[in-house]
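K.L.:
Going down the list, the sequences are from chains A and B.
All you need for the working numbering is the position in the first sequence, starting with 1, plus 10.
All you need for the working numbering is the position in the second sequence, starting with 1, plus 10.
No lab work stands behind these hints, which were simulated from the structure alone.
Any given hint could be a false lead.
Any copy will do: because identical chains look the same in the list, a pair fits if it lies in one copy or spans two.
Straight-line distance between alpha carbons at most 25 Å, and here's what the computed SDA-like set of lysine to any residue pairs gives [stated by the list, open to error]:
1. Lys211 <-> His289
2. Lys20 <-> Val56
3. Lys300 <-> Asp30
4. Lys210 <-> Thr302
5. Lys211 <-> Asp30
6. Lys20 <-> Ala232
7. Lys156 <-> His282
8. Lys156 <-> Asp30
9. Lys300 <-> Gln313
10. Lys20 <-> Ala224
11. Lys44 <-> Thr26
12. Lys300 <-> Gly236
13. Lys20 <-> His228
14. Lys44 <-> Gly147
15. Lys210 <-> Met199
16. Lys210 <-> Val42
17. Lys121 <-> Arg41
18. Lys44 <-> Ser319
19. Lys44 <-> Asp30
20. Lys20 <-> Asp153
21. Lys121 <-> Ser219
22. Lys20 <-> Gly227
Note that the structure is a prediction, hence the values are computed from the model and not measured.
There are 2 protein chains.
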Amino acid sequence: MSPEFNLIAKYFTRATPSADLGVGDDAALLRVSKGYQLAISIDMLVAGTHFFHDAAPYDIGWKSLAVNISDMAAMGATPKWATLAIALPEINEPWLAEFSRGLFACADRFKVDLIGGDTTRGPLNISVQIMGEVPTGEALRRDGAKLDDDIWVSGKLGSAALGLAHLQRKITLESEVAEHCLQALHTPMPRTDLGLTLRKKANSCIDISDGLLADLGHILDASNLGATVALDNIACHDFLRARLDEAIIQQCILAGGDDYELAFTAPQSQRHAIEQLAHQLDLPLSLIGKTTEKLGIEVTYKQQLLDISKKGFDHFG
Amino acid sequence: MSPEFNLIAKYFTRATPSADLGVGDDAALLRVSKGYQLAISIDMLVAGTHFFHDAAPYDIGWKSLAVNISDMAAMGATPKWATLAIALPEINEPWLAEFSRGLFACADRFKVDLIGGDTTRGPLNISVQIMGEVPTGEALRRDGAKLDDDIWVSGKLGSAALGLAHLQRKITLESEVAEHCLQALHTPMPRTDLGLTLRKKANSCIDISDGLLADLGHILDASNLGATVALDNIACHDFLRARLDEAIIQQCILAGGDDYELAFTAPQSQRHAIEQLAHQLDLPLSLIGKTTEKLGIEVTYKQQLLDISKKGFDHFG
Chain A
11 MSPEFNLIAK YFTRATPSAD LGVGDDAALL RVSKGYQLAI SIDMLVAGTH FFHDAAPYDI
71 GWKSLAVNIS DMAAMGATPK WATLAIALPE INEPWLAEFS RGLFACADRF KVDLIGGDTT
131 RGPLNISVQI MGEVPTGEAL RRDGAKLDDD IWVSGKLGSA ALGLAHLQRK ITLESEVAEH
191 CLQALHTPMP RTDLGLTLRK KANSCIDISD GLLADLGHIL DASNLGATVA LDNIACHDFL
251 RARLDEAIIQ QCILAGGDDY ELAFTAPQSQ RHAIEQLAHQ LDLPLSLIGK TTEKLGIEVT
311 YKQQLLDISK KGFDHFG
Chain B
11 MSPEFNLIAK YFTRATPSAD LGVGDDAALL RVSKGYQLAI SIDMLVAGTH FFHDAAPYDI
71 GWKSLAVNIS DMAAMGATPK WATLAIALPE INEPWLAEFS RGLFACADRF KVDLIGGDTT
131 RGPLNISVQI MGEVPTGEAL RRDGAKLDDD IWVSGKLGSA ALGLAHLQRK ITLESEVAEH
191 CLQALHTPMP RTDLGLTLRK KANSCIDISD GLLADLGHIL DASNLGATVA LDNIACHDFL
251 RARLDEAIIQ QCILAGGDDY ELAFTAPQSQ RHAIEQLAHQ LDLPLSLIGK TTEKLGIEVT
311 YKQQLLDISK KGFDHFG
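Same shape as in the complex, but just chain A:
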């Protein structure tokens, strides 16, 4: 097993100040802050399914951790520790060096310590578990939305999906727009600061990974509510805004996925406080609709009902 241990030591071992014991023993050891719950989430990324086989390893490293940190943001948890299990078809050191560079760039940016892991031989597969802390009882959940809540989304939606469509040659983008969209696709920025500040404001929260309608749908299903959403109110890149009449653009925003923004609901009484948040965090927060008693999601555009039946939106399903 020597090659395995050399890999861990060489590419994934670093000081882990937030843990009592990091990489190197049978398990890592840590202490959770008093009065806090531990939040845990695991995500597996497979070459061919979650990223292209020839994607830049730096980007794969960044995104593997970022998508997990996003789950912490969605719970209102502070991300703190992560473990990484990776299967590699061969020991490709330049690839590993870049992968770990991207992973640690994300870890450093979000102050997450990599405290354990496993490397093995096999088809490329990356499994990251993230752990964070949230004051007991304050975690944001999917099932807390209330009737007549405001529905909000952070940031600008659709760019990552548009970047994917560009790579798949479904659309041609100017180089500047392409660059923006591909950056959104390859190196998303999870909204941890927003998640933390929403703890006592929002009733429910989820991160947008599959797509706004799909993920908002999880909140609504768990809370037994429906929603109305105005496409016009969803912030998006100028390029998408200018072409909002087109089906492919509408699909990118509503169903594209890979945004890693937060969708959340909050009482109307919190509206002003949330608008203040947007300024404090210098982050667009769009009020896009409200929860309803009638189940299902109705999307309007220019005050007209938009057809979002599966037929039109299964490109990205």
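Once you have looked at the hints, place chain B on chain A.
P.N.:
What follows is chain B alone, placed relative to chain A:
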């Protein structure tokens, strides 16, 4: 993503009394007992590398969790929670039903709650993260062995490796012996009770997954010591005992791996207490050697030095 969610709901969702929030949200939530550290370990198992493609899914399910629980035993931690990420080439419901049956059989036996996970499409790959608790400061580690410590191993070694050799047709076993060895290979029993009781007795501990010499070697490397080990003193199945002169049998015991027993060192002053433990737990505990100042491991058999250079023992490396 509906198929993914149906899988989680159908096969992997159960009540999780030990967690505050289990499967179903962006993350699971739990509270660590006051005065305890959280121990975390992750293992990835790949078809073709860790198990045969046509291995019984019940066994794969059991073993995926068991090998992780064994890491908890090696730390002296009480295993409590687990998450499972699994990539499947296709949705094969009979396979999944059996896999989850084996996984939960192990979980129930060791009182572990499955609190989260991810299922995705891809070549078969199973990533399990285990979490447990240990009183702060009492975890058993690899680097705590002292000079002149007694070296102990639990249970009987070599059976699982012999089972593997039988499957690979390197040896032919009578059906009763084969059955015992294959059970050891497919459904190992991690030594959690022993791990807990060793907390204030042992100086160091590791679980035997790669093989006795390899894993004992990790303790010695971390503690900057060597060891002498008497092959004769290692408990093993009668079948191996009768053929202890043969190289293949010696290799199974010393280097076969997959035993998931514990190897640990303790001060000589604990000798009697540990012998008492063996009776209390109804578990063989073999005193097999001692730590030395001179680095490296010397193995003796019938008081003669045994040649364990890599050449003779790389079958299982």
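K.L.:
Now look at each hint and say whether the structure bears it out.
P.N.:
Against the structure, the hints come out as follows:
1. Lys211 <-> His289: within (16 Å within a copy, 58 Å between copies)
2. Lys20 <-> Val56: Classified as both; 23 Å inside a copy, 22 Å across copies.
3. Lys300 <-> Asp30: neither (45 Å within a copy, 29 Å between copies)
4. Lys210 <-> Thr302: within (22 Å within a copy, 59 Å between copies)
5. Lys211 <-> Asp30: between (33 Å within a copy, 21 Å between copies)
6. Lys20 <-> Ala232: Cα proximity of Lys20 and Ala232: across copies only (17 Å, versus 44 Å in one copy).
7. Lys156 <-> His282: within (18 Å within a copy, 63 Å between copies)
8. Lys156 <-> Asp30: between (41 Å within a copy, 21 Å between copies)
9. Lys300 <-> Gln313: within (15 Å within a copy, 81 Å between copies)
10. Lys20 <-> Ala224: For Lys20 and Ala224, the Cα distance is within 25 Å only across copies (20 Å; inside one copy 40 Å).
11. Lys44 <-> Thr26: both (20 Å within a copy, 22 Å between copies)
12. Lys300 <-> Gly236: For Lys300 and Gly236, only the intra-copy Cα distance (9 Å) is at most 25 Å; the inter-copy one is 68 Å.
13. Lys20 <-> His228: between (41 Å within a copy, 17 Å between copies)
14. Lys44 <-> Gly147: both (13 Å within a copy, 17 Å between copies)
15. Lys210 <-> Met199: within (23 Å within a copy, 45 Å between copies)
16. Lys210 <-> Val42: Cα proximity of Lys210 and Val42: in one copy and across copies (21 Å, 23 Å).
17. Lys121 <-> Arg41: Answer is both; intra-copy 16 Å and inter-copy 22 Å each pass.
18. Lys44 <-> Ser319: neither (48 Å within a copy, 51 Å between copies)
19. Lys44 <-> Asp30: The answer is both: 15 Å in one copy and 16 Å across copies each meet 25 Å.
20. Lys20 <-> Asp153: between (43 Å within a copy, 20 Å between copies)
21. Lys121 <-> Ser219: within (22 Å within a copy, 33 Å between copies)
22. Lys20 <-> Gly227: between (43 Å within a copy, 19 Å between copies)
Of the numbered hints stated above, those contradicted by the structure are hints 3 and 18, listed in ascending order.
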